[in-house]
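Here the structure of chain A is known, so what remains is to put chain B in place on it, guided by the hints.
Residue numbers (this note's numbering), protein chains in the order written: chain A, 5 to 296; chain B, 49 to 183.
I should point out that these hints are in silico values taken from the structure, not numbers from a laboratory. Here the structure is a predicted model, which is why all the values come from computation and not from measurement. Please note that the accuracy of each hint is not assured.
Unchecked claim - Covered, in the sense of this in silico footprint (three residues per stretch, anywhere, with C-beta under 8 Å from a C-beta of chain A), are these stretches of chain B:
hint, stretch
1, 55-61
2, 64-78
3, 81-92
4, 118-128
Idealized CB from N, CA, C, for every residue including glycine.
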Amino acid sequence: MPSLKDLKNRIASVKATQKITKAMKMVAAAKLRRAQEAAEAARPYAERMTKVLAGLSAANAGNAEAPLLLSGTGKDQVHLLIVATGERGLAGGFNSSIIRLARDHALKLLAQGKMVKIITVGRKGNDILRRTFKDNIVDYVTFREIKQLGFAQADEVAHKVLALYNAGEFDIATLFYARFQSVISQVATASQIIPATFDATQAADASSALYEYEPSEEEILEDLLPKNVAIQIFRALLENNASFYGAQMSAMDNATRNAGDMINKLTLSYNRQRQAQITKELIEIISGAEAL
Amino acid sequence: MAEAFNFELVSPERLLVSEKVTEVVIPATLGEMTVLANHAPTMTTIKPGVVSVKLASGQVNKYVVFGGFADILPTGCTLLAESAVPVSELTHATLQKRIDTIQAEINHAQTDEHKTKLEQFLAELTHLNGVVNPA
Numbered sequence: 005m006p007s008l009k010d011l012k013n014r015i016a017s018v019k020a021t022q023k024i025t026k027a028m029k030m031v032a033a034a035k036l037r038r039a040q041e042a043a044e045a046a047r048p049y050a051e052r053m054t055k056v057l058a059g060l061s062a063a064n065a066g067n068a069e070a071p072l073l074l075s076g077t078g079k080d081q082v083h084l085l086i087v088a089t090g091e092r093g094l095a096g097g098f099n100s101s102i103i104r105l106a107r108d109h110a111l112k113l114l115a116q117g118k119m120v121k122i123i124t125v126g127r128k129g130n131d132i133l134r135r136t137f138k139d140n141i142v143d144y145v146t147f148r149e150i151k152q153l154g155f156a157q158a159d160e161v162a163h164k165v166l167a168l169y170n171a172g173e174f175d176i177a178t179l180f181y182a183r184f185q186s187v188i189s190q191v192a193t194a195s196q197i198i199p200a201t202f203d204a205t206q207a208a209d210a211s212s213a214l215y216e217y218e219p220s221e222e223e224i225l226e227d228l229l230p231k232n233v234a235i236q237i238f239r240a241l242l243e244n245n246a247s248f249y250g251a252q253m254s255a256m257d258n259a260t261r262n263a264g265d266m267i268n269k270l271t272l273s274y275n276r277q278r279q280a281q282i283t284k285e286l287i288e289i290i291s292g293a294e295a296l
Numbered sequence: 049m050a051e052a053f054n055f056e057l058v059s060p061e062r063l064l065v066s067e068k069v070t071e072v073v074i075p076a077t078l079g080e081m082t083v084l085a086n087h088a089p090t091m092t093t094i095k096p097g098v099v100s101v102k103l104a105s106g107q108v109n110k111y112v113v114f115g116g117f118a119d120i121l122p123t124g125c126t127l128l129a130e131s132a133v134p135v136s137e138l139t140h141a142t143l144q145k146r147i148d149t150i151q152a153e154i155n156h157a158q159t160d161e162h163k164t165k166l167e168q169f170l171a172e173l174t175h176l177n178g179v180v181n182p183a
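Chain A on its own, in the form it takes in the complex (with noise of 0.2 Å):
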């Protein structure tokens, strides 16, 4: 039974930790409204993108000379990870459950004979999918200095994953990021950015109009695709950010209130040991009085 003392001490140190949730929980909040409105700033464009980029790629369906990015290299032997995470915990399942969802797929590509290799975003990522697969990392990205997540960084990644592609070291790629549903909901989500793939229903959409190009289609296309690889990034990463904050939000709300009943539940036990020592001692002068 600890004394009263220690339940004092123990309360004291709930009521810190409580302060600092709470604190977490509405920085959480102020970054997760700049992170949303981040996210449907980029909406707009990463839209017309796709639609102008769906049109051209059913227009060049059947061509046999459309640029790799779009029709693959034909081979699905080697396949490219990357992995977006967070860069600090605190975040419920945020992390674990992208992670989860990477691992078990390189799992399922290795156990059919492929070759996996995997890029990390994010510290988190990096720290744990190092643990199970040491060698098949290839490189490792971190925005820990950034304060803003901006285009340019998008960019370096894509940079990096386009590198690879034209050197042939690898023949599909999949990004792995949670998808920002609602404050309370964050999907880990997988999706195939090399070769490109869109919706039968969006290229319906976009072919109807006649275009002229200039220059031609298929140099516009090729402009276009490596562009289209670092939206699709971008994209992600915003989700990625404003999916963070959210579950970084939920988890230290969860934190504060279980704080709270922690506090309650010390708080009487304290009481009722303070008011048992009362009547031991009450008890003790009665029977001294009566012994005499």
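Frame of chain A, contents of chain B only:
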């Protein structure tokens, strides 16, 4: 009064312009072009340069864009720029930084084709530097 049409200037980070305009000058790869209302559907890539937008009110706004492409339809024009800033916000330092990065990339370029492309880009940027910041 010239007919107005919708013009949108979008960069990956945000939507810069979405307004009714009467005339837009685009620095297309194959030369500058002016887009008016009811232009034939055209898709073109753009090089670094100045986009000048004439609003329906007659006011002219200028933006500096760094590569991208334009999607022109009879009903409107969408310009997807890799990065875009109003001319007034562009400083000599930021432009110089871009030029330096490209220069570094040229030194590392492996294929001649890639190198030529980068050098062309550099020339365009340098030209732009002269236009925007007359020394």
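Return the numbers of the hints above that this structure violates; sort them in rising order. none
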